[in-house]
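Colleague: Sequence:
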Amino acid sequence: MENLKIRNQKIINAIVEKANKICPESLALIGITGSFATGDFYEKSDLDLLILINDDKGWQLAGTFIQDDIGVGHDIYCTTWENLQKAAMYSNPNIAKLMDSQIVYCSDEKYRAELEKLRQKAAEILQKPFSADDYTKAENMLKEAEHFYMSAVTSEKIADIRTQAGYAVYYIENAVAMLNKKYFRYGTKRAYEELEAMERKPAGLCEMIESILSADSADKLKDNLTELVCETVRVFQSVKKEIHVPKKVSADVIGGTYEEMFSNWRNKMYYASQRQDRHLAFMSIVNLNAMLFEISSEAEIGSYSVFDGYDPNDLQKTAQVFDDFLNEYLEEYRKAGIEPNRFGDIDSFVKRYLEKN
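Counting from 395, one number per residue, gives the positions in the sequence shown under our numbering.
Check each hint, because a few of them may be wrong.
[Claimed, not checked] Below, computed lysine to any residue pairings styled on SDA-like, alpha-carbon distance capped at 20 Å: (1) Lys-415 <-> Gln-461; (2) Lys-404 <-> Asp-450; (3) Lys-537 <-> Thr-620; (4) Lys-438 <-> Lys-480; (5) Lys-575 <-> Glu-593; (6) Lys-522 <-> Glu-636; (7) Lys-404 <-> Asp-449; (8) Lys-480 <-> Lys-522.
By construction, these hints were calculated from the structure, which means they are not laboratory data.
All chains should be built: construct the whole structure from the sequences, respecting the hints.
Modeller: What follows is the structure, given as structure tokens:
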């Protein structure tokens with residue numbers, strides 16, 4: 395292990411020497427990250443570094459090579475201040491390089507001070523109570539996972555399914571970490587250990603991930619991935635209820651929504667029934683459901699499932715059920731103490747419209 399430390403120092407010294415020769419203003423600092431920072435290194439560990447550069451000339455310090463005597467590859471990768479600034483906003487949980495790097499070289503103490511500011515900024519974000527904004531960040535990761543999930547279940551070759559499933563698992567792990575306002579400190583080798591320590595997660599999370607990795611058929615792989623995605627979504631839905639308290643139904647929240655539903659889709663439903671246009675009827679209900687979902691995120695309205703009344707073989711009946719729904723939705727207006735804006739004819743509307751300031 396002492397030989398590894400000597401090797402590491404030689405690499406670091408070489409980077410500093412090269413910077414002094416070809417781009418003396420470019421190198422800000424160097425930090426040790428990865429397994430040599432966490433203590434998880436072994437005889438085949440490569441050296442992971444935070445090489446922070448000030449300008450584009452600093453990219454000349456980057457490089458890759460294989461050390462044949464011990465069979466280890468190395469990636470001398472540079473990082474910009476811009477990348478660290480983004481990491482400090484905690485938009486993903488892979489920020490150990492920012493937070494935990496052990497600084498071993500600094501060309502000017504002002505750079506160390508600037509790095510500490512970014513670390514403090516990230517630490518403050520992580521320490522604040524979990525909020526709706528934090529949920530949105532985590533949900534963005536979940537949406538990425540769902541995207542790759544859909545690609546997986548619509549693929550046929552098992553190699554393609556595994557590729558998409560791998561991306562889905564990656565984003566689910568990130569989503570779970572962000573749902574807990576954590577970041578991965580120890581890398582992939584100890585991912586299960588870190589995930590298991592998190593409170594907000596699906597029961598048996600790591601076992602479900604492992605079942606995906608061990609699946610030996612396309613069907614089994616898709617089934618196991620579906621279970622993981624569904625269980626993760628359930629956890630997210632539970633957390634969303636905890637952090638989001640919808641407003642009580644009031645005129646300023648739902649006023650005009652009944653009229654909008656009537657205007658946008660009521661007559662389309664009857665037109666669709668006359669022409670036997672299933673697509674128009676179906677998509678009208680889809681759009682209505684989307685509107686209801688949006689309203690429910692702002693107000694405590696009842697639970698409505700308009701598709702319960704959809705009958706592809708009887709669009710007239712479907713249109714009538716839609717009317718029944720609209721009448722049912724008027725209960726929300728009564729809760730808010732409002733009435734729909736109705737006028738006997740267009741002249742009555744124009745008169746009232748022009749009277750309003």
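Colleague: Hints first: check each against the structure and report whether it holds.
Modeller: Evaluated hints:
1. Under the criterion of a C-alpha separation no larger than 20 Å, the hint pairing Lys-415 with Gln-461 is inconsistent with the structure, at around 24 Å.
2. About 24 Å separates the Cα atoms of Lys-404 and Asp-450, which puts this hinted pair outside 20 Å; it is violated.
3. For the proposed pair Lys-537 and Thr-620, the alpha carbon gap of about 14 Å is at most 20 Å, so the pair holds.
4. Between Lys-438 and Lys-480, the direct Cα distance comes to roughly 31 Å. Violation of the 20 Å bound is thereby established for this hinted pair.
5. Between Lys-575 and Glu-593 the alpha-carbon distance is near 10 Å, which keeps this suggested pair within the 20 Å criterion.
6. Proximity of Lys-522 to Glu-636 is assessed by CA-CA distance (about 16 Å); at most 20 Å being required, the pair is judged to hold.
7. Taking the CA atoms of Lys-404 and Asp-449, the gap is near 24 Å; set against the 20 Å cutoff, the hint is violated.
8. Distance check on the hinted pair: Lys-480 and Lys-522 sit about 18 Å apart at the alpha-carbon level, within 20 Å; holds.
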